[in-house]
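J.: The chain contents come next:
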Amino acid sequence: MINKMSLLAILTVLSLAISAHAGDLTGHLTAGGEYTNLDNNSFKSGEYNGIYSNGLNVIGNADLHYSKGNFYTDVIGRNLGIDNRDVDLSLGIYGGYGMKLSYSETPHLISNTATTLYTNAGSDNLLLPTGFVAGSTTTAMAAVLNANKRDYDLRVDRKNLSAALRMPLKVGDFELLTLDLKYDRDTRKGTKDIAGTLGVNGGTTSAVILPEPVDYQTNDFTVGLSFASECFYAKAEYFNSQFLNRYESLTWESPLTSYNTNNATYPTVARTSLPPDNGYQRYSLTGGINLPYSTRITFVGERGIMEQDQTLLPYSINPLSTITTPLPRNSSQAKLETSHIVTTFTTRPVDEFSFTAKYRFYETVNKTPKSLFQYVKNDLPTTQAALTDDFALYNLPIDYIQNKVDLEAAYSFFKGNILKFGYAFDQISRDYREYGETRENIWKAGLNSQIAPELKANVNYSFGQRKGVGDYKESNIYYNYHTTDYINTVGTTIRFDNNPSLRRFDLANRDKNKIAANLHFSPVQTATLGLYYSYDNDNYKNSPLGLKEKKMQSLTADINVLLKENLNVFGYYTLDDTKALQSDRYFQGFAIATQAFDSTRDWSIDTTEKVHTFGVGVDYTFYEDLINIDANYSYSRSSINYDFTTGSSLSAALPVPKDRTSLHSLDFTTRYKYTEKFTFGLGYAYEQYSSYNWSNANVNPASTDITQVITLIGPSRGYKANKALFFITYNIN
Amino acid sequence: MFYKKNHFPVFLIFFISFFSFSLANAIEIPKNLKLSDSVKACVSCHKNYIEEWLPTKHAMIFFNNPRNELEERACEACHGDGKAHIVDSKAKARTDEKIDLSLIRSFTKESKLPASEKNAPCIGCHKSYVATFWMGSSHERNNISCVDCHQIIRKIKPIKKRGKDKRVLSEKINLKTELCVTCHVQRRAQMQRSSHMPLRFGKLDCVSCHNPHGDKGPAQLRQATVNENCYSCHAEKRGPMLWEHPPVRENCNNCHDSHGSNNTKLLKQKSPYLCQSCHSAPYHPGTIYEGASLANASKQMVGRGCLNCHTMQHGSNHPSGARLTR
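Protein chains in written order, with the numbering used here: chain W, 1 to 733; chain G, 1 to 326.
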């Protein structure tokens, strides 16, 4: 509240100060209110503005520009009365120095259907109610859950403050150098959800979803010095970012005991890590050189260091855990160095021809020490992993290097027609991945055509073929991840963690086809009809398991008509159609040697998502420009269908319902220009949102709905919102 | 709860204070403004335009603080030498004949100049800072001209919105975003999806991540990679972590669709299927989660799905966090 009050006070003082020189002030001020009526207090309705309940909210906008000679000051304020306010203050000399101060608030309302068992949600040491009796499953402790759960809203509020200065520096008689300084502070406070996991393995593990306290602060500082002459520009910049999390971990009392008698007893208190403090520094040099024949060379050279050296938590906080081998080091010592080089050569020696060549190099070098962690599963009262266990593991300092060359030539012929051809080669090498290297060749062609003065068409096509170099080897990870002692206990044919037939889609062999086409038809100058089509197909044809194909198509029709000088109408319809086909294999540990290689145990899921989006709008100014009506309506409806297929060794799959979402939005505003200085406005908005997502549709928070999970968040609430708006705008000039 | 915000009185003071001061008259060309002969010639026909242009940053610099000879030429700095245009206009003043726009650099819709010609005067000055990478950028190569997006002649931010500029209360999509989606129509539809960034609420805009003038990253991103772009707001994901999740470290877009999704948290596919597209191991990672599992409320399928337990999917810093559960 202090911040809000201070902000408004500053604005008031500023307005009074400026008023002393009001002769050069322009802009407008708007004040009013919006009354919101909701059928239920759904957080979704105010997800990023904080308005989720009935009531009047004060709305104020300011857009003020003051200048005197070369000096200028701009003040822009948005949504000053509500929780997602912004204020920008800029001042400086035209063609000279400039300063900008910005303040912004953004709420993120996550859930107000959450209930938790913890008495002090928001803390980093979560406590159960006194006398709480833990149980083995939610079913077994139904009464306890009911008696102890309490409502708790999850939201994270973000505040951002930034200050920037640009100052030209004189060198002799020339202003060739410019200094840029920027400071940015971003804070986030609130709670979100995180899982607290208990147990030994996938079958016997239980979980309680916890309210995670959020108290982040990120401080970014940038200083840059640039040199600009007639044909050469260069900028050297240093960037430093420090992320601080007030909470290093989350400790919580366990409401669950043990899933079954074969399972180790769960700890009474457990601990989870939270995002660690980290820092990032980057040095960069960017610039461009102009050469004859409309030729330009630009360059980017960057060197970055990401570091994270948080003190490591213990393997377990359970005093009953037996730790004989200490941590290999006391802190993370995580360090990632990045290098980035981009050079672009572009030329247009004659009006009809242009050519662009681009080279990109990006490298991450992970200098985090690779160490063996003989860990304890989920704070269990057990002995830490022995060297022969599958949970004595090495952390893998993954990194990658990308080299990419991109060439494109364009030729103009006749009038307004451009033919384009391009080729790109993208090579990425990676450590600790199944392919050490992938290479992709991409061919591109395009045509921009002015078929007739009123008809324009563009079509672009590209085909990319990505292939791994050598064989896809899951063992590249396996043999680095596990200890030799453990590997020696495993049969030679089953030394893998992930089924060797699966191809991870981010590096699997892939054929990629992309088409983008659009047509613009303007039969008269005041009307435009646009048709847009895009097709994007990723075919992983050599992947026996994993993502096999993803196909996205989108079609849009868009019309915009200026019926008369002050009457503009528009409408659009978009159909997005996405299909994804993936497969997997069900195999069990005791029969891994046979089942893992048995394709009759395969199953697949075909996901089809269709989204229809429709919108219309009108903007009409009439009655001698005194009245303006602005109305917009949009409707979006989606459905996601899941189809399963199973191999002959598996039972037939039962269907699952479709996921559905719909959103209606109507927004109507009318303004009456009462005088040159005053405009009055009234508005009405309606929004209706509903969704069905089978993941959480029937899962109530802290209930018996999932036997082994005490949930936190309930289903997202749909809503119907009616909003009435009134405002007055004071125009200056 | 009629007045939800108790700082309303302060806001009122702020507002009233603005009403209390004297106000300027409508913009007109100040008599003391030194106009060159060429500008005077422009004013004789285009007075209204020039009056609208006067409060803009360009005009302020050109008239008050010109930094070179080109800027001193004011109108001609961008439109080129106007002599032939003046002769042509005068000759046709009393006829129905159309003025020959090829005699002056015109930026109107009727102008037949190619985009590169329209852009030439802009790029002549704006070849550094934000426009360093314009030449060779995706928009430049697709013949987008500066005036397709920018409106130089008017005060207020020089951004066009469906052919006109306007300021509205409670803008759901701010001006920059609305401008971009006139061409990137699929993004307009994506922003309506249930999981989205706060663009619809007027927070963030397309240019928060992308530089339409070209930049150092792929897809005109402001940072070197998708991830570095995401870290600029989500520094808590930056790490590096003790236990990395490889596809996460390489590209956030492997799992997320930053422009909007109907799956939670902008995910491209819902859990468990998203996870299963990469993970096939004995028992639960390779299990088919279908209608029967849903009826039994399988912990790997409902609620947060895999994330009911593997909560550290962005990487873990716990020494016992190899399986991303801590």
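Bear in mind the hints are in silico, worked out from the structure with no lab data behind them. Remember, it's a predicted structure, so these values are computed and weren't measured experimentally. For each residue, glycine too, the CB sits at the ideal point set by N, CA and C. Hints should not be assumed to be uniformly reliable.
Stated by the list, open to error - Far from chain G, by Cβ distances over 10 Å, these chain W residues were calculated:
no., residue
1, G95
2, G135
3, A142
4, R150
5, G287
6, T322
7, D471
8, K473
9, F644
10, N722
Stated by the list, open to error - Beta-carbon label-pair distances, calculated as ranges:
no., chain 1, residue 1, chain 2, residue 2, range
11, W, N330, G, S258, 32 to 38 Å
12, W, Y533, G, C125, 33 to 39 Å
13, W, S90, G, E51, 37 to 43 Å
J.: Between N330 (chain W) and S258 (chain G), is the Cβ distance one that fits in 32 to 38 Å?
T.: holds, 37 Å
J.: Since G95 (chain W) was said not to touch the interface, does its Cβ keep a gap of more than 10 Å from each Cβ of chain G?
T.: With a cut-off of 10 Å, G95 (chain W) comes too close to chain G, as the shortest Cβ separation is near 4 Å.
J.: Does 37 to 43 Å hold as the CB distance between S90 (chain W) and E51 (chain G), or does it fail?
T.: The hint (37 to 43 Å, Cβ to Cβ) is violated, given that S90 (chain W) and E51 (chain G) are roughly 24 Å apart.
J.: Would the non-interface assignment of G135 (chain W) survive a Cβ cutoff of 10 Å against chain G?
T.: holds, 16 Å
J.: Are all C-beta atoms of chain G more than 10 Å from that of A142 (chain W)?
T.: The assertion about A142 (chain W) holds, with a minimum of 14 Å to chain G.
J.: Per the stated criterion, does the least C-beta distance between R150 (chain W) and chain G lie above 10 Å, as a non-interface residue requires?
T.: Since the minimum Cβ distance to chain G is about 19 Å, R150 (chain W) lies beyond 10 Å and the statement holds.
J.: Just tell me: holds or violated, for the beta carbon distance of Y533 (chain W) and C125 (chain G) against 33 to 39 Å?
T.: Because 38 Å falls inside the window, the suggested range holds.
J.: In terms of Cβ atoms, is chain G entirely out of 10 Å range of N722 (chain W)?
T.: At roughly 14 Å from the nearest Cβ of chain G, N722 (chain W) sits farther out than 10 Å, so the non-interface label holds.
J.: Quick one: work out the minimum CB distance from D471 (chain W) to chain G and report holds if it exceeds 10 Å, violated otherwise.
T.: Holds, because the least Cβ-Cβ distance between D471 (chain W) and chain G comes to about 18 Å, which exceeds 10 Å.
J.: Over 10 Å from every CB of chain G: does K473 (chain W) meet that, or does the non-interface label fail?
T.: Per Cβ check, K473 (chain W) is outside 10 Å of chain G; nearest 14 Å; holds.
J.: When you look at the beta carbon of T322 (chain W), is every beta carbon of chain G farther off than 10 Å?
T.: holds, 14 Å
J.: If I take the minimum Cβ distance from F644 (chain W) to any residue of chain G, is it greater than 10 Å?
T.: violated, 5 Å
Going through the hint list in order, the structure does not satisfy hints 1, 5, 9 and 13.
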